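Asks: Knowing the structure of chain A, use the given hints to seat chains B and C on it.
As a plain string of letters, each chain reads:
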Amino acid sequence: MTIVDILSWICLIPGCILCMIGGLGLLRLPDFYSRMHGGGITDTLGASLVLLGLMFQGGLTMVTVKLVMLLVILLLTSPTSTHAVGKAALTSGLKPFLGNPDNKGKNEHD
Amino acid sequence: MRYIFMSIVAFGTWLLWSGHYTLEHTLVLAIGILSCAFVVYLAGRLSIVDEEGYSIHLIWSLALYIPWLIWAIIKANIDVAKRILNPRLPIAPRIVRVTGTQKTDLCRVIFANSITLTPGTVSLDLDEEDIVVHALTKEAADDVQSGDMDRRVTTALEQ
Amino acid sequence: MFIAAMIGILVTMALALCRALLGPTVYDRILSVNMFGTKTVLFIAVLGFLTDRPDFLDLALIYVLINFIGTLAVLKFVTYNDLGADPEEQNRT
Chain A
1 MTIVDILSWI CLIPGCILCM IGGLGLLRLP DFYSRMHGGG ITDTLGASLV LLGLMFQGGL
61 TMVTVKLVML LVILLLTSPT STHAVGKAAL TSGLKPFLGN PDNKGKNEHD
Chain B
111 MRYIFMSIVA FGTWLLWSGH YTLEHTLVLA IGILSCAFVV YLAGRLSIVD EEGYSIHLIW
171 SLALYIPWLI WAIIKANIDV AKRILNPRLP IAPRIVRVTG TQKTDLCRVI FANSITLTPG
231 TVSLDLDEED IVVHALTKEA ADDVQSGDMD RRVTTALEQ
Chain C
270 MFIAAMIGIL VTMALALCRA LLGPTVYDRI LSVNMFGTKT VLFIAVLGFL TDRPDFLDLA
330 LIYVLINFIG TLAVLKFVTY NDLGADPEEQ NRT
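From first to last, the protein sequence lines stand for chains A, B and C. Residues in the first sequence are numbered consecutively from 1, following the numbering used here. Residues in the second sequence are numbered consecutively from 111, following the numbering used here. Residues in the third sequence are numbered consecutively from 270, following the numbering used here.
Because the hints were derived from the structure by calculation, they are not lab data. Computed from a predicted structure; not experimentally measured.
Here are the simulated PhoX-like cross-link-like pairs (lysine-lysine), alpha carbons at most 25 Å apart as the crow flies:
#1 C:Lys-345 to A:Lys-95
#2 A:Lys-95 to B:Lys-248
#3 B:Lys-248 to B:Lys-185
#4 A:Lys-87 to C:Lys-345
#5 B:Lys-192 to B:Lys-248
So that you can see chain A by itself, here it is in the shape it has in the complex (with noise of 0.2 Å):
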């Protein structure tokens, strides 16, 4: 066990287990809108933290280079495509759910 396996497990299980707390939203959630940010979870710090302790199993590589390529596409794609499903999802008239009681006249977008 060197320094950089510890790092690189420190890494790679809390991604894990932010990924599948992400899975879990997406059941749990009650509506499409709130799932949104159930997927968030898994794309950002989820994928992120995997990944980062890939790189250090790779090391200065090559391998290195690809990984970070790969974490940039998908910091950059995941959030416009979770954008375009909302709002294909809003202009086809898909109402959100707002039925918690603290929010009554909070909804400034009506």
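Replies: Leaving out everything else, chains B and C in the frame of chain A:
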């Protein structure tokens, strides 16, 4: 000029990813150059070769902005993860409007993407002035409405 | 040690698949398929390290691009019923 810049970037990326630095495999190298030229032609046909693809000056200001964004993402991630794991599911989804003070399209897109990247807030729609944001909790909505992120994007990228 | 990471990612993929099967609206399904794709990219990357073949990263790079374009294409097809439609023209009419 922009076409030359784009060709250099495309070919550099190709070289980096393919790993053919020598002239050993001439055919592969020729195919690489041809595909780069084709990509530049396609981009020209789509008319997306403009100032925005050429903004190298943004790199330094992005270097200042990105660490703050990463910190914000980590905080928001932990908050949303806690709420999902909480058995009572303490969420209060709402839709708010946020005014972006950015002038250029690129900076507006960076701002909207930053909102979406931060868990707990998703930008749903963009119009001339406002960004429609769906927030998972009251705290996330207040946070994005306080304009802290907006100020940071504007001051970091439009100076 | 990569086995644990792979199991974690597989569990996430299974959860996303559940939502894709359950999802009441079509947008739920698109969202979960998009997430499934993201997790596939991570899975391929970890698999490359597990089997000691980092070449798999090239596949992951291609997959992340295809995943993005594929999501947008399906979304456009669902929204406009036509892959060649011009969204701005549709808004004007």
